[in-house]
Amino acid sequence: MSENVSDEFIGALLILIGSIISVISAIGIIRFPDVYSRSHAGTKSATLAVLLTLTGCFLYFWFTESFISVRLLLGIVFVFLTAPVSGHLIIRAAYRAKVKMAEVTVEDELKEVLHEEDYTNSP
Amino acid sequence: MINLMLITALTLFGVAILIALVRIILGPSLPDRVIALDMIGVNLLSGIAIISVLYQTKAFLEAILILGILAFISTIAFSKYLERGVIIERKRKR
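Heads up: the sequence lines are chains A and B, in that order.
So the mapping is simple: our numbering equals the position in the first sequence, first residue as 1, plus 397.
So the mapping is simple: our numbering equals the position in the second sequence, first residue as 1, plus 1084.
Quick caveat, the hints were computed from the structure, so don't treat them as lab data.
Remember, predicted model here, so these are calculated numbers, not experimental data.
Watch out, some of these pointers could steer you wrong.
For each label pair, taking beta carbons as the anchor points, the in silico distance ranges come out as [unchecked claim]:
#, chain 1, residue 1, chain 2, residue 2, range
1, A, Val467, B, Gly1169, 36 to 42 Å
2, A, Ser463, B, Arg1174, 52 to 58 Å
3, A, Leu478, B, Gly1098, 25 to 31 Å
4, A, Ile417, B, Arg1174, 44 to 50 Å
5, B, Ile1109, A, Val467, 36 to 42 Å
6, A, Arg493, B, Ile1135, 35 to 41 Å
7, B, Thr1092, A, Trp459, 44 to 50 Å
8, B, Ile1171, A, Val467, 28 to 34 Å
Beta carbons: idealized from backbone N, C-alpha and C, even for Gly.
Let the sequences and hints guide you as you build the complete structure.
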């Protein structure tokens, strides 16, 4: 398309770095011992991977066809806002459903607070 | 060169989806599976972005936004089901 190769190279490099970070996050989700540390791997680095990939795609379309995609920008903002929120909600539900922690866990500070206010499951 | 980099990135995203699929199959609890499903949705989203770069088309960019919204809503619904037992609550009788 364009005669300048180095502009497209930046976008493709960002996409490649994002895919490598995604594989690292997948290794974290298979290797960690309990659900809390698994969500730590699966929420943070997967979000970073998808943000890098979408930014690379946006830069690629900007440099090659000089097309600024508002939909892609909206997708970046939306993923950046909602991925930590969904991770927080599912881990909160897992703690309330009393999923076991790993054996190496040292301290559980939330337990005393929750037993203090006598959380009941039915509304 | 750039084509090779894009195809390598697509393959790496496929590897990540396969590993998350292993976690869905042997995950001991339901939140494990929901987290892995959320991660698969997010990785599919970036796979669509790479495919739209490979095909040099701008027709798939709406699908990225829609898939992000659907992954968020499904995770919220699952977490509400796990915490309360219902997803949409009834009006309280008085």
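Hints violated by the structure (listed by number, smallest first): Checked against the structure, the only hint that fails is number 7, while the rest are satisfied.
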